[in-house]
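A.B. asks: Put chain B on the given structure of chain A with help from the hints.
Listed in order, the protein sequences are those of chains A and B. Everything in the first sequence is counted per the working numbering, starting at 19 for the first residue and increasing by one. Everything in the second sequence is counted per the working numbering, starting at 31 for the first residue and increasing by one.
Each hint should be verified, as a subset may be incorrect.
[Unchecked claim] Computed list of lysine-lysine pairs in DSS-like fashion (alpha-carbon distance at most 27 Å, straight line):
#, chain 1, residue 1, chain 2, residue 2
1, A, Lys53, B, Lys45
2, B, Lys388, B, Lys35
3, A, Lys77, A, Lys131
4, B, Lys358, A, Lys126
5, A, Lys126, A, Lys60
6, B, Lys377, B, Lys388
7, A, Lys133, B, Lys388
8, A, Lys133, B, Lys199
9, A, Lys131, B, Lys363
10, B, Lys170, B, Lys104
11, A, Lys126, A, Lys80
12, B, Lys199, B, Lys45
13, B, Lys45, A, Lys126
14, B, Lys377, A, Lys126
15, B, Lys72, B, Lys35
16, A, Lys71, A, Lys133
17, B, Lys358, A, Lys133
18, A, Lys94, A, Lys72
19, B, Lys157, B, Lys170
20, B, Lys45, B, Lys388
21, B, Lys104, B, Lys72
22, B, Lys42, B, Lys72
23, B, Lys104, B, Lys284
24, A, Lys80, A, Lys94
25, B, Lys199, A, Lys53
26, A, Lys126, B, Lys298
27, A, Lys35, A, Lys60
28, A, Lys126, A, Lys71
29, B, Lys377, B, Lys284
30, A, Lys126, A, Lys77
If you are wondering where the hints come from, they were derived from the structure by calculation, not from laboratory data.
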Amino acid sequence: MIKRRYILNFPPESGDKPLSYHLVRDYDIRINILKAEVYPGKRGSLLLELQGKKENIEKGIKYLTNHNVVCDPLEKRIHFQEERCIDCGNCTAVCFAGALTMNRETWKLEFDKNKCVVCELCIPACPLHLFEIDFS
Amino acid sequence: MAKIKTYEEINKKLKQGEAVILTAEEVTRLAQHASPSEIAEKVDVVTTATFGAMCSSGAIINFGHASPPIRMEKIRLNGVPCYEGLAAVDSYIGATACDPENPTYGGAHVIQDLLEGKDVLLEAWGKGTDCYPRKYIRTKINIKTINEFTLFNPRNAYQNYDVAVNTTKRMIHTYMGTLLPNLRNATYSTSGELSPLINDPELRTIGIGTRIFLGGAQGFVIWNGTQFNTSLPKNESGIPVTSAATIAVIGNLKEMSPEYLQAVYYEKYGVSMFIGIGIPIPVLDEDMAQRVSIANSRIETSVLDYGTEGTPVLAQVSYEQLQSGFIKVQGTKIRTAPVSSLAKARKIAQELKEWLQKGAFEISRPVQLFPKNTSLNDLKETEAVDD
Chain A
19 MIKRRYILNF
29 PPESGDKPLS
39 YHLVRDYDIR
49 INILKAEVYP
59 GKRGSLLLEL
69 QGKKENIEKG
79 IKYLTNHNVV
89 CDPLEKRIHF
99 QEERCIDCGN
109 CTAVCFAGAL
119 TMNRETWKLE
129 FDKNKCVVCE
139 LCIPACPLHL
149 FEIDFS
Chain B
31 MAKIKTYEEI
41 NKKLKQGEAV
51 ILTAEEVTRL
61 AQHASPSEIA
71 EKVDVVTTAT
81 FGAMCSSGAI
91 INFGHASPPI
101 RMEKIRLNGV
111 PCYEGLAAVD
121 SYIGATACDP
131 ENPTYGGAHV
141 IQDLLEGKDV
151 LLEAWGKGTD
161 CYPRKYIRTK
171 INIKTINEFT
181 LFNPRNAYQN
191 YDVAVNTTKR
201 MIHTYMGTLL
211 PNLRNATYST
221 SGELSPLIND
231 PELRTIGIGT
241 RIFLGGAQGF
251 VIWNGTQFNT
261 SLPKNESGIP
271 VTSAATIAVI
281 GNLKEMSPEY
291 LQAVYYEKYG
301 VSMFIGIGIP
311 IPVLDEDMAQ
321 RVSIANSRIE
331 TSVLDYGTEG
341 TPVLAQVSYE
351 QLQSGFIKVQ
361 GTKIRTAPVS
371 SLAKARKIAQ
381 ELKEWLQKGA
391 FEISRPVQLF
401 PKNTSLNDLK
411 ETEAVDD
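This is chain B alone, in the form it adopts within the complex:
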């Protein structure tokens, strides 16, 4: 039985440049000829990563006060509506927000423009008060003129995600991409064995306060994500076979890079944002060593029919099958395609590994673990009118 390592011991090794750090893909390959006990002995930290569209994302912005000052009660950035229900010059711009007249440019694009150093047009209206007499302002802002520019994402990095197919006769446009009719393609979204929450299925090391790679900078897990669900069925490897746990994350956008954040527009769906997230997982003991070593062949997910109401489950497949290019559903061979970038996820896992190797990144014990036994409510209609 390998001994149990503490966060402090691992951080000491990281500082001294003596820690052994592998990406989740590398440790999975190592596990082909090394036991969990040997891995727990040898490996200190495993880096995981994902780069995919995460709609529940956005930025907190403080614009600074103008003279005379204004209490911003309606705010537009490049025409995109921002939240106005905070203090005078605080706002939150959601990644998916947009002006219905210009649906292809949204909050994610505003965040990206600011991140790239571009000027963005701010327009704001207020009723005028004794302390905030101004009623209208129109001015250009950029990343240097604003005060706080904080990425705050209520739901990111889903632990597993369902595969999308379409059994109907018509092509449909979804956030899982364009789904051809009659089961002619299948799209999947996680990085499989490299995916952060899949490598810590019981969330033993990822919790409130976990330091992470977020958009090219250091960020933090600050809460469980919305729609956090720990009550879903798991497979033999102990990994949920559908979209389960999530995380809420925060980080300083002024330190981030456009390389790891990307605004996107999905045809007939809307705007979203690709977010680059990397999470280091400390190999504390044999159990964690076993968890981080689980290969794509032992990670499964559900295939859902996005063309039918209620998105019925049609099959269960492994990431090994998904990444092979074909899956079989109801006797039909279907071509698969990813909709999140494994190439970029690998780059993030590698970069996080380098940060750790340089001693530039400390791993952190969660201040508090996530809740257990959570499940979700559906939205019931209490005011429905009978036809």
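Chain A extracted, bound-state conformation:
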């Protein structure tokens, strides 16, 4: 069993298909919707945590892709200019998901992208503006 977070972008015409239902039934994947933005007739975006066998998750993603859903692992959509970070800690103040934390030994910033829930609070909280997240 593995756990992976993906950002899914749905095209306008996919709104009436129960795609996530098929992920659960056909591929035995446990899904957890962490964030959703749906604009009927325009587009929809989803942050989805998928838990299941590795090959099933791969098949599930392929199934979604075949239905014109753009699927990217979450970490691919998070851009963080780490080399410019001064380890001030401002982003950790707002990261209630626990993705951004200070290492208590080195006091350097640690970023576990797989814990990110795309609340996007770090984007304005960083005084150097080093975060970008491409959700929708």
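C.D. replies: Using the frame of chain A, we list chain B on its own:
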């Protein structure tokens, strides 16, 4: 009783490469099994440091005279307003200055751009006089074309700083970072046991003329900082439990490094600048040895509600608690986050230690100590109109 060391003796040892220098964190660890008397005997200098946002900062610039010359009476650098009330081509650019049309780029960014060797657009206007006939100039300048480029910060390196929380139902944006509603986070700003003025709480060795690490170069303490307050309550360790003393500092920006100065923009607040400061503290006697050895568990600060008018004090906590990741306020466990960089402060303390070890940095006895028993005035409104 350990003997009293003089500045001259310590400098002689530094020159000969025989001085024992520890960072404030290292001496605190040593103090777990060494007495103040042993530390006074063994250790000569303790390095302290901080790297945090210090809004009361800025730079003096002399642009040089153009031909024909201009008396600059209105000045913009990359659109950021600079002070024009000095002689013809002198100016002061404040770190927080900005054009309201472009609030995310300010004086700190101009200073950083110049420091990084970038070209900056200078525009200046004058009325035209007999000796300064020119009325307008528009030209690119950089760190090489300007004459003096001096960092001059009226208030830096606060001795302790309050912790910020927010008890209200709405998120607030402050210079202490984004404060989540309902006490869901707490932010703190000093480097605790590594912080310069906390290691010399009575300001016995830090005063006018103290040579310091400033932005990667040697700089000086030139005065007490603004809002310098020595009348605030202290804890059992003799350390103020709130924002107290401050220093004014100066140094040559042309020798500084962008590694230790960083322009920042806080959402819905404005521009500021992170300043890297390191101060060497001579261990003159047992009293100083005891002061520099005080651990985070014995340094306390006040927790203030930034969401409520008057910022009421809610609790008192130690830096050990703050650095553990959680504090307790009014029975609620709150997650903490730093807003100044301890990692960078450690790097500064280490670099200053290396300068001292190499004999490249002399410690200096203050020319004059700071005033005692100072307190602050509030701004009273004498012209208020009754509704």
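A.B. asks: All hints, please: hold or fail.
C.D. replies: Here's how the hints hold up against the structure:
| no. | hint | verdict |
| --- | --- | --- |
| 1 | Lys53(A) to Lys45(B) | violated, 62 Å |
| 2 | Lys388(B) to Lys35(B) | holds, 20 Å |
| 3 | Lys77(A) to Lys131(A) | holds, 23 Å |
| 4 | Lys358(B) to Lys126(A) | holds, 24 Å |
| 5 | Lys126(A) to Lys60(A) | violated, 41 Å |
| 6 | Lys377(B) to Lys388(B) | holds, 16 Å |
| 7 | Lys133(A) to Lys388(B) | violated, 45 Å |
| 8 | Lys133(A) to Lys199(B) | holds, 26 Å |
| 9 | Lys131(A) to Lys363(B) | holds, 25 Å |
| 10 | Lys170(B) to Lys104(B) | holds, 16 Å |
| 11 | Lys126(A) to Lys80(A) | violated, 38 Å |
| 12 | Lys199(B) to Lys45(B) | violated, 58 Å |
| 13 | Lys45(B) to Lys126(A) | violated, 34 Å |
| 14 | Lys377(B) to Lys126(A) | holds, 12 Å |
| 15 | Lys72(B) to Lys35(B) | holds, 11 Å |
| 16 | Lys71(A) to Lys133(A) | holds, 19 Å |
| 17 | Lys358(B) to Lys133(A) | holds, 25 Å |
| 18 | Lys94(A) to Lys72(A) | holds, 18 Å |
| 19 | Lys157(B) to Lys170(B) | holds, 21 Å |
| 20 | Lys45(B) to Lys388(B) | holds, 8 Å |
| 21 | Lys104(B) to Lys72(B) | violated, 56 Å |
| 22 | Lys42(B) to Lys72(B) | holds, 15 Å |
| 23 | Lys104(B) to Lys284(B) | holds, 25 Å |
| 24 | Lys80(A) to Lys94(A) | holds, 17 Å |
| 25 | Lys199(B) to Lys53(A) | holds, 23 Å |
| 26 | Lys126(A) to Lys298(B) | holds, 26 Å |
| 27 | Lys35(A) to Lys60(A) | holds, 15 Å |
| 28 | Lys126(A) to Lys71(A) | violated, 34 Å |
| 29 | Lys377(B) to Lys284(B) | holds, 21 Å |
| 30 | Lys126(A) to Lys77(A) | violated, 38 Å |
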